[in-house]
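**Q** Sequence:
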Amino acid sequence: MLKPEIDSLVPHVPFDRRTFLKAALGTGFAAAVLPVSAQTIHTDAEGLDAGEVGFESNGTLIPAYRAQPRGKTHLPVIVVVHEAFGVHEHIADVCRRFAKLGYLAVAPDLFVREGDASAYPTIQQIDQNILSKVPDAQAMSDLDATVAWAGQHGGDPKRLGINGFCWGGRIAWLYAEHNPRMRAAVSWYGRVAGQHTQTMPENPLDLAGELQVPVLGLYGRQDQGIPQDTLAQMKQAIAQGPQGGRGSEFVVYDDAGHAFFADYRPSYRKADAEDAWRRTLAWFSGHGVA
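Sequential numbering of the sequence shown, starting at 1, is according to full-length UniProt numbering.
Among the clues, some could well be false.
What the hints assert, rightly or not - 35 Å max Cα-Cα, derived DSBU-like pairs, lysine-lysine: (1) LYS235 with LYS158; (2) LYS270 with LYS72; (3) LYS133 with LYS158; (4) LYS270 with LYS158.
Keep in mind the hints are simulated off the structure, nothing from the lab. All figures in this text were calculated on a predicted structure; none of them were measured in a lab.
Using the sequences and the hints, build the whole thing.
**A** Have a look at this one:
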């Protein structure tokens, strides 16, 4: 994938074909999830400033989708971390949902160096060509750059939260362990344990003793990819950490599987998704991200 020249960087740049040779971020759905469900939610951008922006992280121009109330500043910030499918329409919609409630929501493309996840027709190909190649340390650095950008463009860095789905749910755990200045985090079906690799040397469970940020973990009991015993281990490890388990919480929906919030997929469970969304908003509000 062609990348823009870093020399053309400015602090806040809406993207166009001259600066980023790729379909607009946050438009359309990833090939691996087509056809999308008829129940797919669409949130309009009325009253919002919404669209692509860009900022630098370690010499690379990171594209991001952001949405925020038009004309307002000093806004609470939610960093939205995408799933395996990248920053496609669903992630942009989630940003707009947060923005409608008064947040500056920004979703950086954490795959920009590895390629375009939305172009691959199967999750197996995304895993092989994208996910396995993204270093955790690189993701943490890109999220640091995201937070810095938000603080310079209408966001209040003292009211900072992170919300991640699936692959991004694991990243949300890691960033909560990485950045103790955050107020709160929400991980939707984010894996906490698993294989150690060169790009993923540590999992959230390995770093649980460092966690100082309250995390809400939202999971489905029928999720075959996240064994319940790993969540039990995570709870125990958090309890032995500096906060003594205070502040973090796990909610497990008995009949839900993986991706139960993904309204564009057959895995969507409306009642559980709506309950989890209410809990998410209450979590951020209750921890000062509002």
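**Q** With a cut-off of 35 Å on the C-alpha distance, tell me whether LYS270 and LYS72 pass.
**A** holds, 32 Å
**Q** Between LYS270 and LYS158, is the straight-line Cα distance small enough, at 35 Å or below?
**A** Holds, because 33 Å separates the two Cα atoms, which is no more than 35 Å.
**Q** Would you mind confirming whether the straight-line C-alpha gap from LYS235 to LYS158 stays at or under 35 Å?
**A** holds, 27 Å
**Q** Taken at face value, is the distance from the CA of LYS158 to the CA of LYS133 at most 35 Å?
**A** holds, 32 Å
Checked against the numbered hints listed earlier, the structure breaks none of them; every hint is satisfied.
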